[in-house]
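Those protein sequence lines, which keep their order, are chains A and B.
Position in the first sequence (first residue = 1) + 361 = the numbering used here.
Position in the second sequence (first residue = 1) + 10 = the numbering used here.
Simulated from the structure, these hints should not be mistaken for laboratory data.
Only true hints are included.
List time: in silico SDA-like cross-link candidates among lysine to any residue, alpha-carbon distance up to 25 Å:
(1) K596(A) to Y144(B)
(2) K521(A) to E40(B)
(3) K30(B) to Q456(A)
(4) K530(A) to A51(B)
(5) K424(A) to D152(B)
(6) K424(A) to G147(B)
(7) K596(A) to G147(B)
(8) K530(A) to Q61(B)
(9) K424(A) to A443(A)
(10) K530(A) to L62(B)
(11) K530(A) to T48(B)
(12) K521(A) to D43(B)
(13) K596(A) to G150(B)
(14) K30(B) to Y453(A)
(15) K596(A) to D152(B)
(16) K596(A) to S143(B)
(17) K30(B) to V445(A)
(18) K530(A) to R37(B)
(19) K530(A) to R47(B)
(20) K530(A) to G41(B)
(21) K530(A) to R49(B)
(22) K424(A) to H146(B)
(23) K424(A) to S143(B)
(24) K596(A) to Y156(B)
(25) K521(A) to A46(B)
(26) K424(A) to Y148(B)
(27) K596(A) to E157(B)
(28) K521(A) to A45(B)
(29) K530(A) to G59(B)
(30) K596(A) to F155(B)
(31) K424(A) to R119(B)
(32) K424(A) to V123(B)
(33) K521(A) to T48(B)
(34) K521(A) to G38(B)
(35) K596(A) to G154(B)
These numbers come from a predicted model, not from an experiment.
What follows is the residue order along each chain.
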Amino acid sequence: MTQVEAAAYTGDEMMAVAAARRLRNGMVCFVGIGLPSQAANLARATHAPNCVLVYESGTIGAKPTHLPLSIGDGELAETADAVVSVPEIFGYWLQGGWIDIGFLSAAQIDRHGNLNSTVIGSYESPRVRLPGAGGAPEIAAGCRETFVMLRHESRAFVEKLDFLTTPGKGVTCVVTDLGVLEPADRGELMLTELHPGVTADEARGATGWDLRVSDDPRQGKPPNRDELAALRALKPPNGDTVAR
Amino acid sequence: MARAAQARGAFARWDGGAAKLPFGVVRGYEGNDLAARTRVARIRCPFTGEQLAAVPAIRPEVGLVHAQQADREGNVLLWGIPGVQKEVVLASRRSIVTVEEVVSRLEPRPNAVFLPSWTVTAVAVAPRGAHPSYAHGYYGRDNGFYERWDEISRDRERFRNWMARHVLEREPLPV
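All chains, please: the whole structure from these sequences, using the hints.
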């Protein structure tokens, strides 16, 4: 497999590929719309054809040919092994402990992987009211591991969260557009992998706390042709994905 | 669908509501700032001693859901992704179900949600009633509308104008 030139892919594509590579065949993934859905579908289209995609709308084993625009897309229901109600997916399946990996994103993350998806500013008079928890605390508590996907910038990687929506206890990796962070001593996130062409100083500069970097961070491989082709083939014919 | 309520263990709140229990039970809900801002109570399992969280059941005065079909007796059938539609109807004191159409006979479908007429207060025929979303087996989602809505909902004035034109100043449709 030939590697493509550095400029031939976007930061989001690198994130989707880096997350997809961490999924193994047969893993059961709880996915939302956006990058997590791209990563899980890419894994299914490449090295992990039996990766199981569970969307919180209650579709278990969904096999969409294109990225869904919403967790409620009809194609998810039509291609799923089973479609269950919201109380059942959250109760029996998620809380019941059947899911391996839960994907989350947020507006802010701190050094322990705690996430804020509630407000920027104070709760009483927020500068930005965010979409809210939306099941994230249940996902983090119910899945064996949590993967976080978040663009790396200092306003997102903060010393102190404005609000703690979801505890970071189960976070096992944070995939950004610069690299990958994993919990080290006492659960503090440490940069362990850098995407091609990214330096540790760049990652430090984009982090609002004093970022720890492993002694010899792994150099990630760029997306290969097969990965990029599979990822781009997943794009819906009528434009970009819209989270709903 | 009550998306906003999902923040506080909503699945258990609807479950409790449909079962006419005062609360639902979830595991976790520790170590976050939500507990102080929402109605979550710590409880201890009387059998195992496990620490759990109780969330108040949702028991609406009126529940409104949309389904594909009703028959003339007022039985309702919906299929596709069931969400919390059944729970909303069973948890509510009264319920209104809008449907795509009334049919002379509901064809049984495996795994479909069937709501007997005696659980539904009123049925109203509202073709394309799921718009801008979709109704499984009837029509697809209007994705373009959702994209336009991002712009409309971002601006207070545009939002008000849209609401006035499409909702508040609309005459009821002829029966």
